[in-house]
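Undergrad: Numbering-wise (full-length UniProt numbering), the sequence shown opens with residue 1 and increments by one.
These are computed hints drawn from the structure, not numbers from a lab. All C-beta atoms, glycine included, are put in the ideal place defined by N, C-alpha and C. One or more of the hints may lead you astray.
[As the list claims (entries may be wrong)] DSSO-like, lysine-lysine: derived pairs with alpha carbons at most 30 Å apart:
hint, residue 1, residue 2
1, Lys127, Lys208
2, Lys261, Lys327
3, Lys81, Lys6
4, Lys327, Lys118
5, Lys239, Lys227
6, Lys282, Lys261
[To be verified] Pair by pair, the computed Cβ-Cβ distance ranges are:
hint, residue 1, residue 2, range
7, Val230, Glu278, 50 to 60 Å
8, Leu119, Phe49, 19 to 29 Å
9, Gln146, Glu213, 16 to 26 Å
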Amino acid sequence: MRYITKFFWLFVGVLFIFSGLIKINDPVGTAIKLEEYFEVFAHDISPVFLSLVPAALFLSIFLSAAEIVLGVALLIRWKLKEVLWLLLAMIVFFTFLTFYSAYFNKVTDCGCFGDAIKLTPWESFTKDIVLLVMIVWLLFYRRHLQPLVQPKVGAAVTALTALISVGIGWYAYEHLPYVDFRAYKIGNNIPALMKPSAPLRYKYVMVKDGEEEEFEEYPMDEAYTFKEMVAVNPEDGPKITDFNVWNDQGDFTQEILSGNKLLVIVHNVEKANRSNIEEISKLVQEAEQQGITPVVITSSGRQEFEAFRHEVGLAAPYFFGDGTVLKTMMRANPGTMLLQDGTVKGMWHHNDTPDVSELVSLL
Numbered sequence: 001m002r003y004i005t006k007f008f009w010l011f012v013g014v015l016f017i018f019s020g021l022i023k024i025n026d027p028v029g030t031a032i033k034l035e036e037y038f039e040v041f042a043h044d045i046s047p048v049f050l051s052l053v054p055a056a057l058f059l060s061i062f063l064s065a066a067e068i069v070l071g072v073a074l075l076i077r078w079k080l081k082e083v084l085w086l087l088l089a090m091i092v093f094f095t096f097l098t099f100y101s102a103y104f105n106k107v108t109d110c111g112c113f114g115d116a117i118k119l120t121p122w123e124s125f126t127k128d129i130v131l132l133v134m135i136v137w138l139l140f141y142r143r144h145l146q147p148l149v150q151p152k153v154g155a156a157v158t159a160l161t162a163l164i165s166v167g168i169g170w171y172a173y174e175h176l177p178y179v180d181f182r183a184y185k186i187g188n189n190i191p192a193l194m195k196p197s198a199p200l201r202y203k204y205v206m207v208k209d210g211e212e213e214e215f216e217e218y219p220m221d222e223a224y225t226f227k228e229m230v231a232v233n234p235e236d237g238p239k240i241t242d243f244n245v246w247n248d249q250g251d252f253t254q255e256i257l258s259g260n261k262l263l264v265i266v267h268n269v270e271k272a273n274r275s276n277i278e279e280i281s282k283l284v285q286e287a288e289q290q291g292i293t294p295v296v297i298t299s300s301g302r303q304e305f306e307a308f309r310h311e312v313g314l315a316a317p318y319f320f321g322d323g324t325v326l327k328t329m330m331r332a333n334p335g336t337m338l339l340q341d342g343t344v345k346g347m348w349h350h351n352d353t354p355d356v357s358e359l360v361s362l363l
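All chains should be built: construct the whole structure from the sequences, respecting the hints.
TA: What follows is the structure, encoded as structure tokens:
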């Protein structure tokens, strides 16, 4: 019992810290995932969940920091009973989210480990059930886990962990993720990631006499009824499937992905931060003089964006893109991205808008 308990103690503590660090590394991405959950619950359960959408960023940092703090407190065995009950409450909440997503196929990626590790809904639910069992075990057998530090030291370590965790999350929000796990990270070539790395192979799921069977080739027996076609090697599929740029004249995706382009990404003009627009506008003008074509991409409507660009003096041609894709590309609103023939050479939060000399040095 003692060795099993200590293994569970170490496993749960380390996993919660790892999970919290991954999410707090990208608090905006975690907030986007929370908003997705809230919108699903608002539609399926109660509209009251929409009231939580404005608090998504706060909850993102708070919950991520809480995972880290509780993980550290568990490892040093400070206030063990209270910490385990809090961990139990948290994992019950997460288990509900992942079960709902898996059973009703609502949110296809739980965001448990951000963009670093993708889990299917049922994999996420299974992971939470395992953690739930371990935490319940620890509650029953916590007598095998004696405190490792004095109570005052434990309180100080836990408080310091909380301050550092919140600070890490807030800095990432005011700038960009420390470690980028997204498909649009610096160094990636967008056109290459829009193609499969290998030919996709499929299996056919057929039904006969109420029983499901799988086939590598479509069966000729007419007694089978087709149910679905499932990719056998989805990991070889395109990593980017929804990047498109357009305006009233048509699709300009390929044009955006050729030559030297400075993308100014404005997710939503109503929520755009205007504090550093002057620096971005100056960069747009100077980049054009250096042969770097500036382009604005937004998900806002034409009328809204026209009013916005005249208000802030953003003189560059603009195109439209999907709002979710733009949030995936850029965790700031607005932000800038430098492309060379579709390869991401640089990416900046509006708080870190570069000089044109930095753009030139990257090409």
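Undergrad: If a hint holds in the structure, say so; if it does not, say that too.
TA: Each hint, compared with the structure:
1. Lys127 / Lys208: violated, 33 Å
2. Lys261 / Lys327: holds, 19 Å
3. Lys81 / Lys6: Roughly 15 Å between the alpha carbons, so the hint for Lys81 and Lys6 holds.
4. Lys327 / Lys118: With a Cα-Cα distance of about 18 Å, the restraint between Lys327 and Lys118 holds, given a limit of 30 Å.
5. Lys239 / Lys227: Holds, because 26 Å separates the two Cα atoms, which is no more than 30 Å.
6. Lys282 / Lys261: holds, 16 Å
7. Val230 / Glu278: 50 to 60 Å: holds, 51 Å
8. Leu119 / Phe49: 19 to 29 Å: The hint (19 to 29 Å, Cβ to Cβ) holds, given that Leu119 and Phe49 are roughly 23 Å apart.
9. Gln146 / Glu213: 16 to 26 Å: violated, 55 Å
In summary, the numbered hints that this structure violates are 1 and 9.
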